[in-house]
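Q: Sequence:
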Amino acid sequence: MTVNKELKLLPLIALALICYINNVFSQIDTSRVSIKTGDKHFADRSTEYQKIIGYDETGFYVLRKEFRFVLEHYDNNLNLTKAVYPKLFKGLTTFELEYAILFHGKLYLFTTTQYLKKKVLHVETINKSTLEQNDDRQVFAEFPNFAGNWADMHFMLSEREKKLLVCGQILAFWKRSIVQEMFVLEKDLSVDWHIRKTLFFDHRMPSERKFFIDDTGNVYLLGQTYQVGLFNFQLDQKNQFVIIGYTNKGNDVDKYYIKLTGKFIRELLMESGNDNNLFCAGLYSERARYGVSGAICFTVDNNIKKITGQNFVHLDPEADKNILMPGDESKQILVSHKANYLKVRKNGNFIFTVEQQLNQNYDNFNEILLFCFRPNGTVAWRQTINKKQTYNDLEDDNFCSYALFAPLDENTIEILYNDNAKNYLLKENNKLRTFHPSAKSFLVQVEIDEYGLASIHPVMYRKRKRDPVPLVLEFYDTKTNSVIILNKRHIKYKYSKLSF
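For the sequence shown, the numbering used here assigns the number 30 to the initial residue and increments by one for each residue that follows.
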């Protein structure tokens, strides 16, 4: 009889617990950020990606790839207003879509056609009212083949969207050279400067090449040109990177080699400073296998054509136990950390962020390390943000990691990431629970001021497990102190706009 009474009380207990949890969540202040969310939509199952390509006073534009490319417009309420499939053929000639962008108020479509001896780059405009093509396709440039190889196209927009880089390059491995033709464009696609050049290298060509363009039109190319071999690990030089700078409207082309004694450079990021010099930050290690030992930074001075202000930030196992792998002293190193963002601030300092991306079945910590470097390379402050996520960068939709929002002409930064809802409800012995997209979650905002002081606030609550999850890696900076984030769950998706 007693057992039956207890069984009858179970539904009441469960109902009381649900009411308690909802009451606790309702008391969490999520009003620090103004949030607007659009209607829910359903994507085609063949969708490979959808990318925001521009924002204006009417809303924003999206390029989505299904079985075909589709251009979409969303209004200021983040609702879909138009969707058009661009025509990528003319008669028997087909065009390959390379790039779409809203540049100085106009929508442009860049396409290519391959011939036996050349690749032709075309450009045309899009009517923003109808998203239809204006039938003004014209040849922008022709890139001749080199020893039977077609040029690869590269496009990049400057931070304030003042300059657009268009580059066609051919990698001639057998000659250890790169054939490049480069255009830097301004409003109405007028050419700021143009250069065609062949670069030669003594050892090997730069691998993992990265382009960067600043708002004055300077272009930089970064790549690794040397890695120590299996039988010469005793050499002091472990690897070597090169930065090729195209400055003074392409009239000056300089190579800057970066090599450390007894250290491996893991990766480097580039950012233009307020003095128009190039600031670089990255990671280094003192061993050949996985892991990093600290951060490195330096400046490429365009005036004296030298590297200055080189500085190392070594992470000490005793002082940084919370971010290092557990175990004996030989294992006290950073594991699987990746450099993500490098942003300049109004005061001239640089914010460099690194994330742990080690994926395992337990203790899957994905903390964020932040370094604030002064222009001379010294450290102004350091900060660590602890988080746990089921990180998997092999999936098409990665709901983990984080977004760094660095408003122009400000010193503060905002970090956004998904976190387990229980971390803000049940706080037992400071236990940090792991975020998973199948569980209830919060979109968390971390505000960090110019002195490195951080405040963490949940800003958007996902109540139901079947609701779309914010894809923070797919965020778009509108340049108006707001960001647009894609929320997705299987084929369901919607957009949210966060204003700070």
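Calculated directly from the structure, the hints in this document are not laboratory data.
The beta carbon of each residue, even a glycine, is placed where N, CA and C say it ideally should be.
Be aware that one or more of the hints could be misleading.
[Said to hold, decoys possible] Computed list of lysine to aspartate or glutamate pairs in EDC-like fashion (alpha-carbon distance at most 20 Å, straight line):
(1) Lys-521 - Asp-73
(2) Lys-239 - Glu-296
(3) Lys-147 - Asp-221
(4) Lys-147 - Asp-164
(5) Lys-372 - Asp-448
(6) Lys-135 - Asp-221
(7) Lys-335 - Glu-315
(8) Lys-216 - Asp-181
(9) Lys-288 - Asp-304
(10) Lys-111 - Glu-86
(11) Lys-147 - Glu-125
(12) Lys-239 - Glu-188
(13) Lys-69 - Asp-104
(14) Lys-116 - Asp-164
(15) Lys-80 - Glu-479
(16) Lys-119 - Asp-164
(17) Lys-375 - Glu-296
(18) Lys-119 - Glu-86
(19) Lys-460 - Glu-443
(20) Lys-146 - Glu-125
(21) Lys-372 - Glu-479
[What the hints assert, rightly or not] Computed Cβ-Cβ distance ranges for the label pairs, DEER-style:
(22) Asp-283 - Tyr-144: 13 to 23 Å
(23) Asn-415 - Asn-277: 43 to 53 Å
(24) Asn-280 - Lys-508: 22 to 32 Å
(25) Gln-339 - Val-168: 12 to 22 Å
(26) Val-408 - Asn-305: 17 to 27 Å
(27) Glu-161 - Thr-76: 38 to 48 Å
Q: If a hint holds in the structure, say so; if it doesn't, say that too.
A: To see whether the hints hold, each was checked on the structure:
In summary, the hint linking Lys-521 to Asp-73 is supported, as the alpha carbons are separated by about 9 Å, within the 20 Å threshold. Between Lys-239 and Glu-296, the direct Cα distance comes to roughly 11 Å. Compliance with the 20 Å bound is thereby established for this hinted pair. Under the criterion of a C-alpha separation no larger than 20 Å, the hint pairing Lys-147 with Asp-221 is inconsistent with the structure, at around 24 Å. At roughly 23 Å between alpha-carbon atoms, Lys-147 and Asp-164 are farther apart than 20 Å, so this suggested pair is violated.
Proposed proximity of Lys-372 and Asp-448 is contradicted: the alpha carbons are some 24 Å apart, above 20 Å. At most 20 Å may separate the alpha-carbon atoms for a hinted pair to count; Lys-135 and Asp-221 meet this at roughly 18 Å. Pair hint Lys-335 plus Glu-315 does not hold up; C-alpha atoms about 25 Å apart against a cutoff of 20 Å. Our distance criterion of 20 Å between C-alpha atoms is broken by Lys-216 and Asp-181, whose separation comes to about 24 Å.
Of the supplied pair hints, the one linking Lys-288 and Asp-304 is violated, its CA atoms being roughly 25 Å apart against a limit of 20 Å. Distance restraint check for Lys-111 and Glu-86: the Cα-Cα separation of roughly 16 Å lies within the 20 Å cut-off, and the hinted pair is therefore satisfied. With a C-alpha separation of about 14 Å, the suggested pairing of Lys-147 with Glu-125 holds against the 20 Å cut-off. For the suggested pair Lys-239 and Glu-188, the alpha carbons sit about 15 Å apart, so the restraint of at most 20 Å is met.
Only pairs whose Cα atoms come within 20 Å are accepted, and Lys-69 paired with Asp-104 is accepted, the gap being roughly 14 Å. For the suggested pair Lys-116 and Asp-164, the alpha carbons sit about 10 Å apart, so the restraint of at most 20 Å is met. Of the supplied pair hints, the one linking Lys-80 and Glu-479 is violated, its CA atoms being roughly 31 Å apart against a limit of 20 Å. For the suggested pair Lys-119 and Asp-164, the alpha carbons sit about 11 Å apart, so the restraint of at most 20 Å is met.
Proposed proximity of Lys-375 and Glu-296 is contradicted: the alpha carbons are some 25 Å apart, above 20 Å. The suggested pairing of Lys-119 with Glu-86 is violated, with an alpha-carbon distance near 33 Å, which exceeds 20 Å. With a CA separation close to 24 Å, the supplied pair Lys-460 and Glu-443 exceeds the 20 Å bound. Among the hinted pairs, Lys-146 with Glu-125 is consistent with the structure: their alpha-carbon atoms are about 17 Å apart, no more than 20 Å.
The suggested pairing of Lys-372 with Glu-479 holds, with an alpha-carbon distance near 13 Å, which does not exceed 20 Å. About 34 Å separates the C-beta atoms of Asp-283 and Tyr-144, a value inconsistent with the hinted range of 13 to 23 Å. Separation of Asn-415 from Asn-277 is about 45 Å and conforms to the stated range, judged on CB atoms against 43 to 53 Å. With their beta carbons about 30 Å apart, Asn-280 and Lys-508 fall inside the hinted range of 22 to 32 Å.
For the hinted restraint 12 to 22 Å between Gln-339 and Val-168, the CB-CB distance of approximately 45 Å leaves it violated. Judged by the Cβ atoms, the range 17 to 27 Å given for Val-408 and Asn-305 holds: they are separated by roughly 23 Å. The given range of 38 to 48 Å is broken by Glu-161 and Thr-76, whose C-beta atoms sit roughly 22 Å from each other.
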